[in-house]
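Novice: When we follow our numbering, the leftmost residue of the first sequence carries the number 1, and every step to the right adds one.
Because the hints were derived from the structure by calculation, they are not lab data. Check before you lean on any hint, since a few could be wrong.
Now the in silico label distances, taken between C-beta atoms and shown as ranges [said to hold, decoys possible]:
#1 W55 - H233: 25 to 35 Å
#2 V72 - F203: 55 to 65 Å
#3 L36 - D214: 25 to 35 Å
#4 D156 - D213: 21 to 31 Å
#5 D224 - L36: 39 to 49 Å
In the DSSO-like style, the derived pairs of lysine-lysine whose C-alpha atoms are separated by at most 27 Å in a straight line are [as the list claims (entries may be wrong)]:
#6 K168 - K89
#7 K163 - K179
#8 K14 - K89
#9 K179 - K89
#10 K89 - K123
#11 K127 - K89
#12 K168 - K123
This one's a predicted model, so the numbers in the text were calculated from it and none came from an experiment. Heads up, the beta-carbon is just placed ideally off N, CA and C, and yes, glycines get one too.
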Amino acid sequence: MSECIRGTKDENDKPIEIPSEDDGTVLPSTITAQFLGACGLSSRSPVSQCMRGIWLVEGILHAPEAGWGNLVYVTDASSPVKAKRAVQKTSDLIVLGLPWKTTEQDLREYFSTFGEVLMVQVKTDLKTGHSEGFGFVRFTEYETQVKVMSWRHMIDAPRCDRKLPNSKQSPDEPLRSRKVFVGRCTEDMTYGEVADVFIPRPFRAFAFVTFADDQVAQSLCGEDLIIKGISVHTANDEPKHNSNRQKEVEELTGGNSDFSKYMVSML
DNA sequence: GTTGAGCGTT
1 MSECIRGTKD ENDKPIEIPS EDDGTVLPST ITAQFLGACG LSSRSPVSQC
51 MRGIWLVEGI LHAPEAGWGN LVYVTDASSP VKAKRAVQKT SDLIVLGLPW
101 KTTEQDLREY FSTFGEVLMV QVKTDLKTGH SEGFGFVRFT EYETQVKVMS
151 WRHMIDAPRC DRKLPNSKQS PDEPLRSRKV FVGRCTEDMT YGEVADVFIP
201 RPFRAFAFVT FADDQVAQSL CGEDLIIKGI SVHTANDEPK HNSNRQKEVE
251 ELTGGNSDFS KYMVSML
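Please model the complete structure; the sequences and the hints are all you need to start from.
Specialist: Structure, rendered in structure tokens:
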């Protein structure tokens, strides 16, 4: 049953009515349509007088247990960072692990299947003119960039990683990684529902697993899991940068209930 | 046997 929720940008302002969906949830786009740059809600608890955020699951705002009620919901302020994120521009992606023989034409052909390509480069040694095994690609549409970033690619070779170049990593926005470090694994473990797996050869008892979903990946981080009698350790793929972020996300995702669905089974 | 491997001549 659809209803109207009282929302405002400032608690002292007169609230305006925000329509909910038929199932009682609210879409962030509905919020954004009324309050530029905002996409979340919180309300002041009549009991504790504290502001409480509204639960956001897979991009949808869910009513509190007691329903939306007659409370006034305050939209989240649009911080400069969020405002910047709304306009997603494409950037060059570095493509690593290219075979020596791969040419710019090969790269363009390959990436054109995902969307319009603005530019490709294969970096070559100035003296010898031969490929250095990496290059860059730039797409017209940010959508295409996201698509290409999401999955493992094979360009005349078993694996070609692509990611934002070091020069383009923004320190205020560490991408929530879909990749997890798996320690103490055994060689015969297999991984389900994943985008990529990296196992060092020769085998060294750890692996990197990239999941299709960053929420799943993050919910696994930091867990010690028993799988078929073997204790497996999972952690963030690059522990040095984002331990705080990781804790935050762990609290939000509330443990590893999805684990059995997604992770490891023994052969 | 608990953190791979690579980063842009103009």
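Novice: Now, for every hint given, state plainly whether the structure supports it.
Specialist: Hints versus structure:
At roughly 30 Å, the beta-carbon separation of W55 and H233 lies within the given 25 to 35 Å, and the hint holds. Restraint check, V72 to F203: a C-beta distance of roughly 58 Å satisfies the suggested window 55 to 65 Å. Between L36 and D214 the CB atoms are about 27 Å apart, so this pair conforms to the stated range of 25 to 35 Å. In this structure the hint that D156 and D213 lie 21 to 31 Å apart at CB holds, the actual value being about 29 Å.
Look at D224 against L36: about 44 Å separates their beta carbons, and that is inside 39 to 49 Å. Distance hint between K168 and K89 is fulfilled; the C-alpha atoms sit about 12 Å from each other, no more than 27 Å. At most 27 Å may separate the alpha-carbon atoms for a hinted pair to count; K163 and K179 meet this at roughly 12 Å. The straight-line distance between the Cα atoms of K14 and K89 is roughly 36 Å, outside the 27 Å bound, and the hint therefore fails.
Pair hint K179 plus K89 holds up; C-alpha atoms about 23 Å apart against a cutoff of 27 Å. Taken as a hint, the K89 and K123 pair is honoured in the structure, with Cα atoms around 24 Å apart against an allowance of 27 Å. Restraint check for K127 and K89: not satisfied, since their Cα atoms lie roughly 35 Å apart, outside the 27 Å limit. Between K168 and K123, the direct Cα distance comes to roughly 18 Å. Compliance with the 27 Å bound is thereby established for this hinted pair.
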